[in-house]
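Residue numbers (numbering that gives the first Met the number 0), protein chains in the order written: chain A, 0 to 100; chain B, 0 to 162; chain C, 0 to 187; chain D, 0 to 91.
I should point out that these hints are in silico values taken from the structure, not numbers from a laboratory. Just so it is clear, CB atoms sit at the ideal spot from N, CA and C, and this is done for glycine as well. Please note that the accuracy of each hint is not assured.
Claimed, not checked - Sample of chain A residues facing chain B (criterion: CB under 8 angstroms; computed from the structure):
| # | residue |
| --- | --- |
| 1 | Q54 |
| 2 | P57 |
| 3 | F73 |
| 4 | H80 |
| 5 | K84 |
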Amino acid sequence: MINFLSWVLLLSGCFCVLISAIGLIRMPDLFTRMHAAGVGDTLGAILVIAGLMLQAGPTLLLAKLVLIMFFLLFTGPTACHALAKAALAGGEKPLLDDNNQ
Amino acid sequence: MTHHFILRVITKLLIPLILLFALYVQFHGDFGPGGGFQAGVIIAAALVLYALVFGLNTASAVIKEWVLLVLIPLGVLIYAGVGVASLLLGGNYLDYNVLAHDPVHGQHLGILLVELGVGMTVAAVLTTIFFAFAGRGHRDANGNLLPHSALSDEIRNRKDGQP
Amino acid sequence: MPPLSAIVKPTTTNHQGILTISTGPTSDNRWLHAISLALTMAVIWFLLSGHTEPLILGLGAASILSITWLALRMDLIDREGHPIHLTFRAPMFWVWLGWEIVKSNLQVMKIILYPKLPISPRMFRVPVSQKTDIGRVLYANSITLTPGTISLRVNEHDIEVHALTQAGEDGLKDGKMDRLVTNVEGEQ
Amino acid sequence: MMFFVTVIALFPAMFLALGRAIVGPTLYDRVLAVNSFGTFTVLMIAVLGFMTDQTDFVDIALTYALINFIGTIAVLKFFVVGDFGYEEQRDQ
Chain A
0 MINFLSWVLL
10 LSGCFCVLIS
20 AIGLIRMPDL
30 FTRMHAAGVG
40 DTLGAILVIA
50 GLMLQAGPTL
60 LLAKLVLIMF
70 FLLFTGPTAC
80 HALAKAALAG
90 GEKPLLDDNN
100 Q
Chain B
0 MTHHFILRVI
10 TKLLIPLILL
20 FALYVQFHGD
30 FGPGGGFQAG
40 VIIAAALVLY
50 ALVFGLNTAS
60 AVIKEWVLLV
70 LIPLGVLIYA
80 GVGVASLLLG
90 GNYLDYNVLA
100 HDPVHGQHLG
110 ILLVELGVGM
120 TVAAVLTTIF
130 FAFAGRGHRD
140 ANGNLLPHSA
150 LSDEIRNRKD
160 GQP
Chain C
0 MPPLSAIVKP
10 TTTNHQGILT
20 ISTGPTSDNR
30 WLHAISLALT
40 MAVIWFLLSG
50 HTEPLILGLG
60 AASILSITWL
70 ALRMDLIDRE
80 GHPIHLTFRA
90 PMFWVWLGWE
100 IVKSNLQVMK
110 IILYPKLPIS
120 PRMFRVPVSQ
130 KTDIGRVLYA
140 NSITLTPGTI
150 SLRVNEHDIE
160 VHALTQAGED
170 GLKDGKMDRL
180 VTNVEGEQ
Chain D
0 MMFFVTVIAL
10 FPAMFLALGR
20 AIVGPTLYDR
30 VLAVNSFGTF
40 TVLMIAVLGF
50 MTDQTDFVDI
60 ALTYALINFI
70 GTIAVLKFFV
80 VGDFGYEEQR
90 DQ
């Protein structure tokens, strides 16, 4: 049962990561690519690590995996925000829809 | 980047954790991967993050340059001192077995001390390299860091000078 | 031995208050925060290490003490650096945010897989009702954590957001997340 | 088996991220791609550790996550501000 759940979590995590990477290639400009990268940084990481957690069981390894997950969830958005802010300061113009400006 | 308060808050949150992890790696070298070198690198990474976010002047006010310059040779001295101590106690150079009455305890003690020396030196050397690199062009003739206001003015002028 | 205030906040004349510029609000009870940081680190140390030999435990205690000292010296410990007061109200918010993350992730994944790439990127500002920096950080990072919206520039009054679609904009503008974060932040 | 499949599935994602890092076109795109690549690598290291039954790999993954974050901030600061040691004056 746990193995099955673990399979599901790991595979769906991989799916998220793959789609995130595809989005990284497909999206037209920097800011939209950040949204795509966010998929892998949040849901992809959460699912893969949750799958590993199920395999680890209630050991100290679980605590380390929780630590990794928290670390990724804290630093991911911070790095993304810093990047966006730096790009705007550096003169990057986001691609915007015409009728929404 | 102090104006950048997301980065500031997250950094304040993370630095103690990073240092704790570094010391965990330092002291668990004989149970898993890790040891002095890796721990030194992680400590240096935490200090570099501090300097990046809060500025070089703040960082060098917290971590004085002379402390770093003392730690570098101190680490090497500890390493060599353990070797010489084992020579004096009748073993080979860095032969840990003779350091305590029981060879296993001797091994533990010797590895702990040697790793401590390595960690100190690596952390201090990497931090010094970063401080020297980041302080390039912002020191007066005597090699002291320029005060904060002068530094900001200089960079502002330089940025304005560029198109 | 110099007084503690001299260790923690060097007031040099030529570097005009360099440590006070950057570190945000000073806490009224930094010692309580220091003690609670030390306890938190003790728990994390044990979770990382799992060894109960006296030698390792002693080294752990020494590590925690020296890190607490260094953190006090770096002026990291205050309501921002160690926001323990947020933990009691946070769990419900984490659960809600997790569900929100899943929903917005599914939307963005659908958009990426559509052959025509139906995006309409937009930038707008949302007001911020939090009173402290840590509350604003929590809000801005929650916005970035839900893919489809990214916080670009943050100030005391509003956050500039880049959204991928109309739905993302609407979801943010109804202000639910703002209210919840303010709720977590509590009365200051 | 399941870890092996996961590792295999993570590879193309890493290649795609690397491709974006090579193509660019701007510096920020490259930083973004390298950051994503780093996240994928963290996952990969953790899964590899489980696959080979060397759970110490989890420590390495944690370290990699750390270095990834600090590296991103350092690159941004160096290329945007032009200086590692610069400290912005807070607006009064």
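Legend entry - Hints not upheld, ascending by number: Going through the list in order, the structure violates hints 1 and 2 and respects the others.
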